[in-house]
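There are 2 protein chains.
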Amino acid sequence: MPLLVTGSIGIDTIRTPHGCSENCIGGSAIYFTMAASFFSPVRFIGVVGSDCPFNIPHLFSGRDVDLRGLEVRRTSKTFRWAGTYKETMDDRVTDSMELNVLAENPPVVPEAFADSTFVFLANTAPRLQIELLSQIKSPVFVAADTMDCWIAEHLADLRELMMKIDCLIINADEAKLLARQLNPVRAAEEILEMGPSVVIVKKGESGSLTCLKDGSKFVLPAYPTTEVVDPTGAGDSFAGGFMGYLAQTQNTDFGTLKTAVAYGTVVASFTIADFSLDRLKKITRADIDDRLERLREFTSF
Amino acid sequence: MPLLVTGSIGIDTIRTPHGCSENCIGGSAIYFTMAASFFSPVRFIGVVGSDCPFNIPHLFSGRDVDLRGLEVRRTSKTFRWAGTYKETMDDRVTDSMELNVLAENPPVVPEAFADSTFVFLANTAPRLQIELLSQIKSPVFVAADTMDCWIAEHLADLRELMMKIDCLIINADEAKLLARQLNPVRAAEEILEMGPSVVIVKKGESGSLTCLKDGSKFVLPAYPTTEVVDPTGAGDSFAGGFMGYLAQTQNTDFGTLKTAVAYGTVVASFTIADFSLDRLKKITRADIDDRLERLREFTSF
Chain P
1300 MPLLVTGSIG IDTIRTPHGC SENCIGGSAI YFTMAASFFS PVRFIGVVGS DCPFNIPHLF
1360 SGRDVDLRGL EVRRTSKTFR WAGTYKETMD DRVTDSMELN VLAENPPVVP EAFADSTFVF
1420 LANTAPRLQI ELLSQIKSPV FVAADTMDCW IAEHLADLRE LMMKIDCLII NADEAKLLAR
1480 QLNPVRAAEE ILEMGPSVVI VKKGESGSLT CLKDGSKFVL PAYPTTEVVD PTGAGDSFAG
1540 GFMGYLAQTQ NTDFGTLKTA VAYGTVVASF TIADFSLDRL KKITRADIDD RLERLREFTS
1600 F
Chain D
1300 MPLLVTGSIG IDTIRTPHGC SENCIGGSAI YFTMAASFFS PVRFIGVVGS DCPFNIPHLF
1360 SGRDVDLRGL EVRRTSKTFR WAGTYKETMD DRVTDSMELN VLAENPPVVP EAFADSTFVF
1420 LANTAPRLQI ELLSQIKSPV FVAADTMDCW IAEHLADLRE LMMKIDCLII NADEAKLLAR
1480 QLNPVRAAEE ILEMGPSVVI VKKGESGSLT CLKDGSKFVL PAYPTTEVVD PTGAGDSFAG
1540 GFMGYLAQTQ NTDFGTLKTA VAYGTVVASF TIADFSLDRL KKITRADIDD RLERLREFTS
1600 F
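Protein sequences, first through last, are from chains P and D.
At position 222 of the first sequence the residue is numbered 1521 (this note's numbering), and the sequence of numbers has no breaks.
At position 8 of the second sequence the residue is numbered 1307 (this note's numbering), and the sequence of numbers has no breaks.
Some clues are possibly wrong.
Calculated Cβ distances over 12 Å to all of chain P for the following chain D residues [what the hints assert, rightly or not]:
(1) Leu-1358
(2) Arg-1373
(3) Ile-1587
Keeping only pairs whose Cα atoms sit at most 25 Å apart, straight-line, the calculated DSS-like set for lysine-lysine is [what the hints assert, rightly or not]:
(4) P:Lys-1475 / D:Lys-1385
(5) P:Lys-1516 / D:Lys-1516
(6) D:Lys-1463 / D:Lys-1436
Which chain P residues face chain D? A few, computed with CB under 7 Å, are given here [what the hints assert, rightly or not]:
(7) Pro-1520
(8) Thr-1598
(9) Phe-1600
Quick caveat, the hints were computed from the structure, so don't treat them as lab data.
Built from N, CA and C at the ideal position, the CB exists for glycine as well.
Please construct the entire structure, taking both the sequences and the accompanying hints into account.
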């Protein structure tokens, strides 16, 4: 039962207190796929323009990534994003953004991908997420991300999407905005009322809170690391580790969801240790498993 | 081996989005003692003025609290503090503060308390903390709290104190200030170099990070609660639960320290559920133990 991701491919320029990485590869689908591919085959859907400088097949070589959903649109330009992280690394400003191909028609789900069962809809307009999801015949577990602008300006679409998904993965500030609740636990409970059976509230350096409709809860700190070079992609690689593990185990019971959140947490801790995909490209599944055991030790009492 | 606390007794006026509590009992020694008394006998040292409206012996009746260190200074006035919490409850402003008796000579440690072995020095001028500690003959495990003004203005005294204590319990922002390190793990490691063998970095709603000189680490989220009415005293009751459990077990190995941090976390989650001591007065050790088991379930994977 294959794992599908739809999301962005970006040309990023990132400034942090540790340096600058110009025109490096980024985008939600890229980070997600790199992370998920440690666990499971991945079906990739995303669009670039003719200016795309990256060799994406080469990037994923040696990994089980099906790129039949990668579209190169000859008359378009690739999404670009430039951002600067403040000294504390917990906040960033967008210096510039060119949506380019992301503002055009979305990609089509290839016929060969229509039987995907595990699906991650990375952050984009909820109307597009609904359209993409409608092309999947019998999804088993669908997770989506969203952000403040959709909550503020496309709430009806987002509410419609939430009735169709199993899991919302959302930042703490956005959860509070969506639920109109400042308490994160109550915010998660409100969001569960909107449709999904699982809500994961991401709190960056403070870890995550996972709430299920049956009242089950799981709280996990971030991996305690001194290596924080570039937080870009932490959320999407968290989602990749999470969904990758679910697809690997073909299970979504509470115990599996908890381990999946822990894997997401661990993969994100590698992502932020260097710019772009630089660290994720170097590690192995064994490195991830070692760190998962260390996280278990760090949190058990 | 008895547990000793030195700290403040306050007349608090607290405004939160949930209401206002005027002239209620507060102060670090009060919160600490109420929390610690669930676990261990407590020896209490603190000073009030003649205006103190509280019956402190009655407050602690039924608990094993030795009040021979409670001094009523007839010519003085009691410490007063008024504060307002913002809507998010994670920040507060001090509306007014009258140090009163806290600006005078500190209390003397009664001779009968000089053989105390577990000692908590609540936040005050580090010079006073050193003087109070010097009156204890053979301390076994000494923890102290501090705050930004001492780091900024009395750093030499604080550095001297840190050479004499076993454990510093400190807020995340203050840890960063003290260590001149923005990464919390690195900040804790720098603080360990200053003397203590244990550092606990408190992160409020985000839990805590405990680091030992031997490299051991423990990260624990806050208890996921929707009941947040008044965060005042959370830090001091955390310290009370932590030190109370250590004194109960007469042990400070890593496993015990971790359970003690979990107990502190749980007691603090009760403290914040109502104004002042209102919730702590109502609960039992069984309530605390139940919630400890729930916290273990919420965090294990």
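> Which earlier hints turn out false for this structure, listed by number in ascending order?
Replying inline: none
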